[in-house]
Amino acid sequence: MTIKVGINGFGRIGRNVLRSAVQNFPDIEIVGINDLLEPDYLAYMLQYDSVHGRFKGTVAVEGNTLIVNGKKIRLTQERDPANLKWNEVGADVVIESTGLFLTDETARKHIAAGAKKVIMSAPSKDATP
Numbered sequence: 655m656t657i658k659v660g661i662n663g664f665g666r667i668g669r670n671v672l673r674s675a676v677q678n679f680p681d682i683e684i685v686g687i688n689d690l691l692e693p694d695y696l697a698y699m700l701q702y703d704s705v706h707g708r709f710k711g712t713v714a715v716e717g718n719t720l721i722v723n724g725k726k727i728r729l730t731q732e733r734d735p736a737n738l739k740w741n742e743v744g745a746d747v748v749i750e751s752t753g754l755f756l757t758d759e760t761a762r763k764h765i766a767a768g769a770k771k772v773i774m775s776a777p778s779k780d781a782t783p
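Under the numbering used here, residues 655 to 783 are what the sequence shown spells out, in order.
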């Protein structure tokens, strides 16, 4: 069974989630990435990493789509997670890696947008488990 994952925040952690999924976990499919930066810059940062080296695969951009090893990933530039429409890409899990939405209330915006679960990449700022 394939697990469909969305990534909110494509900095160091978000990019490493994608790299790991693509290179090590064929049962994980990245279906969406939300980041405020331009798509071409996101592709560049994925391709060239000063710590992990060059990405071992193909990376291209077509409009608001990142194509990694031939697989299309929807790109969005939303500030509010409630507007991300994770249900449109079938995201089962969202990796919250912006460092901004770390409370129960703000993380639940991903669920309201259609995700089934949210994984925070940093400690929560409240009692969220």
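In case anyone wonders, no lab produced these hints; they're calculated from the structure.
All figures in this text were calculated on a predicted structure; none of them were measured in a lab.
Glycine residues also receive a C-beta, built at the ideal position from the N, C-alpha and C atoms.
Treat the hints with care, since some could be wrong.
Claimed, not checked - Each pair of labels, with its calculated beta carbon distance range:
no., residue 1, residue 2, range
1, 757, 710, 17 to 27 Å
2, 710, 781, 33 to 43 Å
3, 716, 739, 29 to 39 Å
4, 744, 783, 17 to 27 Å
5, 733, 773, 32 to 42 Å
6, 677, 715, 31 to 41 Å
7, 719, 783, 15 to 25 Å
Right, here's what the structure says about each hint:
Between residue 757 and residue 710 the CB atoms are about 37 Å apart, so this pair departs from the stated range of 17 to 27 Å. Between residue 710 and residue 781, the C-beta spacing of about 40 Å keeps the proposed range 33 to 43 Å intact. For residue 716 and residue 739, the hinted distance range of 29 to 39 Å is not satisfied, since their beta carbons lie about 19 Å from each other. Remark: the range hint 17 to 27 Å for residue 744 to residue 783 is upheld by a beta-carbon distance near 25 Å.
Residue 733 and residue 773 have their C-beta atoms about 20 Å apart, which leaves the hinted 32 to 42 Å range violated. Between residue 677 and residue 715 the beta carbons are some 20 Å apart, a value that contradicts the proposed interval 31 to 41 Å. Distance hint check for residue 719 and residue 783: the Cβ-Cβ separation is about 34 Å, which falls outside the suggested range of 15 to 25 Å.
Hint compliance for this structure: hints 1, 3, 5, 6, 7 are not met, and every other hint is.
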